[in-house]
Amino acid sequence: MSLEKERIMIEVTSDWYLTLSAILFSIGFLGMMIRKNALIMFMCIELMLNAVNLTFITASNHLGLVDGQIAVFFVLVVAAAEVVVGLAIIVSIFKKQESASVDMLSSSKG
Amino acid sequence: MTDLLLFAIPGLFIILGALIVIFAKNPVHNAMGLVLTLTSLAILYISLNATFVAMVQMLVYAGAVMTLFLFVIMMIGVDKPEQSKEEIKGQKLLISGTLILLVSVVVFIGLENGLNWNLLFPQSQNTFEGTPSLLASAMFTSWVFPFEVISILLIVATTAALALAYEFRKRENND
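Chains as they are written, first to last, in the working numbering: chain A, 1 to 110; chain B, 1 to 175.
Keep in mind that the hints were calculated from the coordinates and are not lab data.
Listed next, the in silico DSS-like pairs over lysine-lysine satisfying Cα-Cα at most 25 Å (straight line):
no., chain 1, residue 1, chain 2, residue 2
1, B, 92, B, 25
2, B, 89, B, 25
3, A, 36, B, 89
4, B, 25, A, 36
All values derive from a computational prediction rather than experimental measurement.
Please work from the sequences and hints to get the whole structure.
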């Protein structure tokens, strides 16, 4: 009886978190590919960075090491810097051509 | 059972928020979907013993970065319809097909092993809670050089944002 009960109990292991992280990364990648609005593409980059952060935290918990959580801070800082510069660029482009669609952005072609 | 609920409920909200981010038409809705994903991720971080990271996630991502996003959305307007012409023929179909193929390969491998993926390293018995003092003692000893480099990156990003805004204002005055 007790054996049967144990089989029903589902244990949440690190694989589950890693799978969730992979799903989140794929959704972010899909959005990056199908959307044209530069702002939405930035949000998709945030989704992908967060998927990586979840992987770091899971690894940190799985291995019992604190270094994974430190790495998350560095990813966080890089994401913040990227958003600051990227949004400034989007605003200045928008002021110039009244659109945030990436298909219009051919002015930096070599 | 509690473990499963603590994983499944935030997990569902994470995927729901991510889908809102990529499929909603109104940029404000996209931003709100991102907030949903980020806060649910913070809950998962707590269940993974990373309390301080969860706190920082709420403050920095759900607070500061999302405010910046909403600010820019309000600034450049939300009422413009996205132009949906495909520049590359069959772009959406192609990318969706590739992703579905990849996901089904992963699902196939998972089912083959009976949802037990045998990670390279065994689960460590050493559990700890990511408190601020623990993280600080690691960051300011063995990670101090990357920490300094990343602070330079922040200063450079701030300067770049200022430079972009300033350039624009100068051009406007000349016109």
